[in-house]
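Asks: Residue numbers (our numbering), protein chains in the order written: chain A, 1 to 948; chain B, 949 to 1166; chain C, 1167 to 1339; chain D, 1340 to 1801.
Fair warning: there could be bad hints in the mix.
Said to hold, decoys possible - Listed below are the simulated PhoX-like cross-link pairs for lysine-lysine, each with C-alpha atoms no more than 20 Å apart in a straight line:
1) B:Lys1146 with B:Lys1156
2) A:Lys873 with B:Lys1156
3) A:Lys590 with A:Lys650
4) B:Lys1145 with A:Lys873
5) A:Lys519 with A:Lys292
6) A:Lys119 with A:Lys145
7) A:Lys313 with A:Lys292
8) B:Lys1135 with B:Lys1145
9) C:Lys1193 with C:Lys1324
10) B:Lys1023 with A:Lys873
11) A:Lys590 with A:Lys647
12) A:Lys902 with B:Lys1156
13) B:Lys1135 with A:Lys873
14) B:Lys1023 with A:Lys62
15) A:Lys119 with A:Lys143
16) A:Lys616 with A:Lys119
17) A:Lys400 with A:Lys125
18) A:Lys400 with A:Lys143
Read the hints as simulated data drawn from the structure, not as lab findings.
On a predicted model such as this, the values are computed, not experimentally measured, just so you know.
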Amino acid sequence: MSSMTSRRDAAPLSAFDIDRRAALKLLASGMALSLASCGKPPEEIVPYVDQPERVVPGIPLKFATTLDMAGYGRGVIVTSVEGRPIKVEGNPRHSASLGATDVFAEASVLSLYDPDRSKAPRGPKGIASWDAFGDALRTQMEKEKKRQGAGLRLVSGRMTSPTLLRQINALLKAFPQARWYRYEPISDDNEREGAVMAFGRPLTTLPRIGEASVALSLDDDFLGAGPRQIANGRAFISARRAENDPDRFLRLYAAEPALSLTGANADHWLAIRPELIRNLAIAISAILRGEKPNAPLPPAAQRFATVAAADLKSKTGKAIVTAGRTQPPDVHALCHTINGMLHAPIDYIEPVDPAGKHGEALHAFADDLSNNRVETLLILDRNPVYDAPHELGFNGLFPKLPFSAHLGLYDDETAAICHWHLPLSHTLESWSDLRAHDGTASIVQPLIRPLYDTRTAHQVIALISGALSPSSYDLVRETWQPQAGGDFESWWRQVLHDGVIAETRHVAVSAQPKAVDIKPAPNPTEAVLVLAPDPSIWDGRDANNAWLQECPKPLSKETWGNTLSISPRDAQQLGCQTGDVVALTRKNAKVEAVVRVDANQADSVYATTLGHGRRKAGAIGNGIGFDVYPLRAIDEPWLIGGVTIAKTGKSRDIPTTQGQFRLEGETTEFLPRVSLAALAAGLKGPPFAEEPKPTLYPPVHNDDPYAWAMVIDTAACIGCNACVIACQAENNVPVVGPDQILRSRVMHWLRVDTYTDANGGIQGFQPVPCMHCEHAPCEPVCPVAASVHDREGLNVQVYNRCIGTRFCQSNCPYKVRRFNWFGYADDEEYANLGEPPIKAQHNPDVTVRARGVMEKCTYCVQRISRARREAEKENRTIKDGEVVTACQAACPTRAISFGNLKDTGAHVNALRQHKQHYELLGHLGTRPRTTYLARLTNPNPDFDEAKS
Amino acid sequence: MPQIFRPSADSIARVLLVSILVGPFVLIGIGYAVTQSPYITGQNITMKQPVPFSHAHHAGDLAIDCRYCHAGVEKSAFAGLPPTTTCMTCHSQLYTNEPMLAPVRQSLAERRPIHWQRVHRLPDYVYFDHSIHIAKGIGCTTCHGPVQTMPLMRQHETLTMGWCLSCHRDPTPYLRPENQVFNSDWKPAADQLKQGKKLLAHYLIDTKHLTDCSTCHR
Amino acid sequence: MIVLLAEFTRPEALMRAARQAQDAGDKVLDAFTPFPIAGMAELLGARSTRLRAVMFAGGIAIALGAFATEYFSAMLDYPINSGGRPLNSWPAFMMFPFAIGIFAAAVSGFIALMAETGLPRLHHPLFAVEGFERASQSRFLLAIAVLHSETGTADAEKRLRNAGALSVREAEP
Amino acid sequence: MSSLALDRVETPSQDTRRWVLENGQSDEAVNRIVSAPLLQRHKWTWRTWWIAFAVSGAMTVMMIVSASWLLIRGVGVWGNNTTVVWGFGIANYVWWIGIGNAGTLISSMLLLMRQHWRASINRFAEAMTLFAASIAGLFPILHLGRPLYFYWLTPYPNTMLLWPQWRSALIWDFWAILSYLLFSIVFWYVGLIPDLATLRDRARSALPRKIYGAFALGWRGSARHWHFYEVYHKAMAALAVPLVVSLHSVVGLDFAASLMPGWAETIFPPYFVVGAMYSGFAMVVVLAALVRWGFRMQPIITVNHFDVMAKVMLMASIVMGLSYATEWFDAWYGGDHAERSMLTFMFSGSYSPIYFIMLFCNVLAPQAFWLAAARRSVAAVFVIAVIINVGMWLERLLIILNTLSHTHLPSMRHLFFPTIWDWTLLFGSLGFFAFMFLIFVRLVPSVSMHEVRHILHEGERP
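Build the full structure now, drawing on both the sequences and the hints.
Replies: Structure representation (structure tokens):
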């Protein structure tokens, strides 16, 4: 810890106004020493020199800020203790957060403390200073000034920051010959061009899913990871509440080449080759127009089209059809036409990221490079050498540049071949501003003074523009000054407090789609490789984040890497099985991939995710999984043809957290599905606990004021994993690493179980925290009373009493307990060998568990305790909703409810009376306090008729 | 045949047999005594501090309120240590050239904090909250001892779990009225047990919860 | 009083000699044999022992103490809710007193055995007696006290020899 | 149950001398045969002993290394995982404690039932018990996540004012093992006292005389002492039987007092007791054959002994088979989904090959003992006993692996794969056992001389 303090002391301070929140001396109460060090070396206690006004040591502070997700902003509220941000939660005022988070937002605190982050500029001759860079840059810019910036090229990702846009536009004005290229490996080019075809201009489509009654996704994973996941998930589930009028209950159809989260949550799912999705769209549009469909389709797809089209038509005005990023622009355009016919509830807005096609930008950039038009290159937080299609040959072109600089969090693949690498400040260390996918703007405010000698993009752009000691704070305020009107300071305070700038959401424009007519595709013969962003690490930029790497993929439960999923038929033809390594070859590129056979996949389709196989991500992310960017083509980034597949004879174990997926017979009661129709017909819910068994013991009377309980609505769970990472962040849950997961050792206190039915169809998602059983089987077996009940009904695990017999876990029917086989939190490889910065993330209210100790979900007892102490200081009891667990707070769909059963008005009590309510393994007599609502489905009754 | 053993061997053998029986109990007793001793608990041990700050002088002679320096004690789990500026409110005028106070002046000048040695230490898995104890009528001196008489701070109590429990099981002998919490000279009333019961009800203290593991361990 | 120590090769001979000696009015003091001889203890009038009673008492006392410890700790001293079981889960509390009670009985018995036999007795005059070491191997020694006159010694010795004694020696009383 | 088999052997008309061969039928012969390895070392070639000692010593070093690495690195060096939290450690423990049961059982139960043949084997069987129980006691401690704190299972005065949690089967275990181990030491030692006196009196040189003499406590063979001695010994035997039965019942309760399919069965306690006796007898047979061969004790440990022990094992194998069948029937007839699923997993899951091997070893192989020829061939009895020991270890292992890996919720079903450290500790403990036993046979009479002498004279009435 001391090294961290000194590092901060050594960090030169810019003239930032963040002293009040500066991470100052770590007070002993916040020291994240591990349980193991219980000897008594002298311990120092260090006060402030000058105590900041708002800081009371020991009391966490919360600040609103904005996090970046692929260039889009998501408003969050960050908890900070003694100047250290330790936990991210959603900001209810922000339209891309709605008070919830996703895995990326939750994991950002870990990236902040990543010991692999760049700490100082690196010049052509090794470690350098910002001054040295400033000097080198000045010389270079003088040359550029003479030729009006003709050799100046700026590469960035998606850019929504009004301040950065303002700065860059000013820069481009000063250097009219300079060029600025923006690209994201996960681009929305197809969507954008489809809108141009349909509307004549690049409008962004924002479906109002919450108002829909029928939705059809044509390979559009709108519930999957991404900047819109939270908003879409919330809307989707709000349209699928049991309380809704059955007529208003959303029914989702999905047609996909490989199963996505959206497909897993659909009522009807069709496995279809991606090229044939256009034929499906054509068929549906024909049926809607009352014509006979004539596009060639397999019989199952024809039936799907007929039924879905009829359903869509019957719900005109409340029906939506969406297409995904893999689909070509004309399919998007056709969807716009269909939505026009259906009067679909959709907002069209001007794009938040006004750039043209990202693919074209890359093309133009590569063109500039190969024609030696680039003299001065500045890359803002992008990694084209890794994530641009390799056929552009950046790897060979970059070293020829006269001057290149890379600004980023890591000294990554691109940085390695640039002359300069400049360390970027983390979002949580920066002043900035960002817009959400719908245009909502918000301020990024720092929670901590930069840990290292880093700068923000604002500062670097200002440096290029010639400013000497630029301050991001001033730049951001400058941007908003005109908007604020009269009293800027109070406006500014309000904006910082709210975490959102009012009335910045882009207004929906009225747009009438043209009728487009597209040609059906012939029946494809060749196999196709379908790419998708990774649900855990997106495009690879977060590859060094151990929480994300270890986060089980929602459907396959794989961790640490990606796999190539293929259909059982293809696997049989290839003669390979799950775990075999195959070689994918396209043109000169060859990638070795691990196969996973997946029943939920169209034949002749290979599917995998981007973002893995990093070479210079850092100690955590290097060499995890395989990199498919080399196979990507600039013109076809998503559906890659001409790929040959061959066995290599090698095989590899896949680190997977879930043992079995299939539920058959009586086990389907573990995750029962109830159809909306059955529920409306007055179905008696799934089985409740049986009559208690005879016992020698008298019943235990309980007169305590609290009885905490949780109800998880599996109908509302979309499987996004936000709760898993939220729990990890809140409770100091360590990472174990792939080797341990291969040995079936995991630490996540909360897991999301995914089951399939006998046919392989996804049965649903079931988050499983500790059940806090009233008759907990784990407790009487503990010989030292480390697992006991407290008087609030919590099944508490006393780490310091635990001696590690593991009897509790062996007797836990839910297997929710987690054992520290090694000192995972201390000095293991995947805890970065215990490097100090990682420990700064630890929540000081939660003990860091030592080796040999059992741990498990505590219902966030530290939050309960805090609420209780606050209430007791005010001589009152805790109110309903006052305690929010970390998983509950994170959940985008509000599937998790928590409260006090002794409070008759508590929401959990109402949910426990719900028809869908059931106990997991309730027949064992454990009387779980965590209970569930059954999965609710809304199948189309016509579908089975159409089948026959 | 000569004798193998001398007559004294009988006594030795008896003593050995008895000690096999008694020995383990003696060892347990010694172990308990050691764990209760200052060697383990750190009780009453004074440490070398960068500045020999005297509570006897400040809290005793000058009768400065505890909260003047330990400002967080009513709000936070952590009572708080005075920032250097708090020291300097007085010492910019008093004893301005006292060599003993050089580290304080140096701290302010260099803006480097003073590194004190921690006197009252609890393990990391114990979550003690000053504010709730203050709010519920536990005075400073109940746990910290008569600090107003201590020239150098020391740990007055054992701070073992058993010591914590002795109050958590029944706080009545230690409860004070609100206005006495910061009074270093408070003595239990003659009818303290009666008064304590009243205060227990007054503060709405639920003693049953006080011995839950989760009250202190999380 | 004169003590005679007779050495036999077979236990029956020793028993016979002992009975004869007793009939003749001599006092059979003890026998030293490599294994217990049936009937010898009765002949010596060994009282029925309190050993088993001591074992029972010791065992029960410790078992009760163990249960009391359980009851005190789980009910009174630190009551903790463990899995919704009652504080006094007496069926589950049986095993500890049982196991430790049996061990306590064994130890009590051992103490009683030592007390009754006077062991350990590493130094004993008998060890100095020539040939006594064979009593633990294959010879059977009988110690009788000739209570009457000195002439009786010869009779007694003769009787013993007739009964099959290899040797007869005088020993210190 | 085993008495049925034994009664057939023992008919009143038979002379107890039939348990000792002609050339051993004198007190001096018994003394000579038994004490020769201890007092006349120069007359023996110790080559085999030294080889065995070196091998077992090396294995002991391996155990120490394995255990040290375990303590340094953490229990994660084993193959246990989040689902199968128990593995070899607990299986080894149950297996060793089962073996540890047999010695005292043989001594006490056979003593109470006046089975005279016990005299030749009870001493080393009890020694086996001590070593096996000590090793067994080691495993639960090594298996802990924080082994240093094992003493928290005891109600000792502490500054935390905390107590053990008495409802836990592990507490019962701890006290049952501790009581049993200490009890067995007392029982064994008391049985040794007269023999130590014999050695004291036979020894030629001073040091052995002093050492044996000190431990003999001055035993003089007094008839009065014999009287108290016999009373105490019989009382101890009477106490040992319930202790032994309860000990392994408690081990059974570790599993039975749970909610897991395949464990929560009322049959477990008796089934564990029989299993313990079974594996213990098998181990006694193995040791008997080795001691007999190594120390030329054929006159004292006779083919008759092997014959009768084979019958005991045959009986036990049938009881084991019945227990397995009861398990199957219960699972099927009870109709509980989890139990039936467990049954299917046992027979067709990943561990089913091991299960079938186990059934062969424990149920099928001992059926050879229906043949008198097999029973009376020391080699055959030895081989089958080894097979039984392997089978019983597999059974202990499968009890843990089957249930834990096939838990209620399919999502958490994971298999267990042992690591090198699992194996080194298992074989290391076998080596350590052999190591201790080899030392034992050189220091302590491996057959109870006074009891064999006694049965030689049994029936001789004056």
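Asks: Please go over all the hints and tell whether each is borne out by the structure.
Replies: Now the hints, each set against the structure:
1. B:Lys1146 with B:Lys1156: Satisfied, since the Cα-Cα distance of roughly 17 Å is no more than 20 Å.
2. A:Lys873 with B:Lys1156: Cα-Cα ~17 Å, so holds.
3. A:Lys590 with A:Lys650: Answer holds: Lys590 of chain A to Lys650 of chain A is near 15 Å, not above 20 Å.
4. B:Lys1145 with A:Lys873: holds (19 Å)
5. A:Lys519 with A:Lys292: holds (15 Å)
6. A:Lys119 with A:Lys145: Violated, because 30 Å separates the two Cα atoms, which is more than 20 Å.
7. A:Lys313 with A:Lys292: holds (15 Å)
8. B:Lys1135 with B:Lys1145: Holds. Lys1135 of chain B to Lys1145 of chain B sits at ~16 Å (cutoff 20 Å).
9. C:Lys1193 with C:Lys1324: holds (16 Å)
10. B:Lys1023 with A:Lys873: holds (10 Å)
11. A:Lys590 with A:Lys647: Given pair Lys590 of chain A, Lys647 of chain A holds - Cα atoms ~13 Å apart, limit 20 Å.
12. A:Lys902 with B:Lys1156: Satisfied, since the Cα-Cα distance of roughly 17 Å is no more than 20 Å.
13. B:Lys1135 with A:Lys873: Given that 20 Å is the threshold and the Cα spacing comes to 24 Å, the pair is violated.
14. B:Lys1023 with A:Lys62: Since the Cα atoms of Lys1023 of chain B and Lys62 of chain A sit roughly 16 Å apart, the hinted pair holds (cutoff 20 Å).
15. A:Lys119 with A:Lys143: violated (29 Å)
16. A:Lys616 with A:Lys119: holds (15 Å)
17. A:Lys400 with A:Lys125: holds (17 Å)
18. A:Lys400 with A:Lys143: Distance ~18 Å between Lys400 of chain A and Lys143 of chain A Cα, so the pair holds.
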